[in-house]
Amino acid sequence: MFKKDITPAPKQKLKSSVQRSLRQALLTTYPLMTPYIDEILPKKSSLESMKLPDRNTLYVLDNVPLFYQQDTGEVMPHLRLVHRFPQAFPTIRIDRGAIRFVLSGATLMAPGLTSKGGRLPVEGAAPKLEEGKELDQKVDEDGRWSRELEKGEPVVIMAEGKEEACAVGVLVAGTAEVKAKGKGPVVEDAHFLGDGLWNLGTE
Amino acid sequence: MADSEQPEISSEPQSRHVTYCGVCTLPPEYCEYGGTVKKCQDWLQENHPALYGRIWSPEALEAATAALSVDAQKRAARDAQKKTAKAEAAEAKQADKLAKSVITIKRIERNKKKFVTAVIGLEAFGLELKKVAKDLGKKFATGSSVTKVPSGGEEIVVQGDVSDELHDFLLEKYKDIPEDNIELVDDKKKKKATSG
Ligand SMILES: [Zn+2]
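So the protein sequences, as listed, match chains A and B. Heads up: the first sequence runs through residues 1 to 203, numbered per UniProt numbering. Heads up: the second sequence runs through residues 1 to 196, numbered per UniProt numbering.
Worth flagging that the hints you see were computed from the coordinates, not collected in a lab. Hints should not be assumed to be uniformly reliable.
[To be verified] Straight-line Cα separation of at most 27 Å, DSSO-like style, residue types lysine-lysine; simulated pairs:
id, chain 1, residue 1, chain 2, residue 2
1, A, K3, B, K97
2, A, K162, B, K82
3, B, K130, B, K97
4, B, K86, A, K3
5, B, K130, A, K51
6, B, K134, B, K97
7, A, K4, B, K39
8, B, K74, A, K3
9, B, K148, A, K11
10, B, K134, B, K175
11, A, K181, A, K128
12, A, K13, B, K138
13, A, K4, B, K38
14, A, K162, B, K39
15, A, K116, B, K74
16, B, K38, B, K130
17, B, K39, A, K3
This structure is a prediction, so every number in the text was calculated from the model and none was measured.
Kindly generate the complete structure, drawing on both the sequences and the hints.
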């Protein structure tokens, strides 16, 4: 998504009504963000937006990048936000061999997740998010999420042997399907460490 | 009544603070994937010795290679070499470009005894002209703005003759600019007026 360097554009202050609806969208997409939302996006803060290439928008608060969004698609967390609040986002994990490919902007393929070093949700996990259980989902000690993640869901990509996330993106295949098939693309066009968005100056 | 006016007592901030590499900007555990590994290591060892010990310990390195097949290790090593070469080439190119970049401070006589000072070429040093113009305006308490030049680029025009002060200010504030790369020019009003 952001393989090339991005030139900073002017920032614009968001209307408070827009900021409120964005906050609501965030809580719907990322229920686990609920305990942190007031810290991430204080009620009286004034959020700014910056236009990025390919119809993307970056949301910035006090010069700190928080989220990006393409058109009216899912609002995605910037990796710096993921690093600050890792508990707020569902994760999968790639094996060590896949790291350098993901960090060069390649599509994440199933074998990087089904291998010994990869992690997909636990066996026998609930096939999807059950209503009323939004706050129960979590990662276990082994690095496996407690429910299957569906096609179209935003996901944070962790890496074998690393503490911090290396990418975020939208699943183009559900995790149950990835387990069953063991091949094919899983996340395309991710935002990854060292990409144009990561390097973009937001001061 | 007073109670309801009290600000909410917020709990402890939950935000984690992650250390990022001062060289390549990634979390240091990912420095190995960039082209500046050696520099990254030096920086980490100097600034965060404990973290350095954890990430680059022999045990950690062994665990890292054990997870990859011999072939994959070879490919990764080749890849790393290419990246290093690329980063070094880019750095050399940038250094070369900077060495050749000249900033011109030009004193221009607008009317009799009325001067403006133009600064040309700052962008080559990665400076944002708008911001510098603002700083200069504040520093010299005068008008300062970015204007387009016919050749297509932009320059900063400061009201008044502040050539010498500007020269010193640039050197002091932006350590990347070598003194030899700043030239002072006096653009005298031509004796013969071209118009009329
Ligand atoms: Zn580094």
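- Which hints from the list above does the structure break, by number from lowest to highest? Hint 16 contradicted; others consistent.
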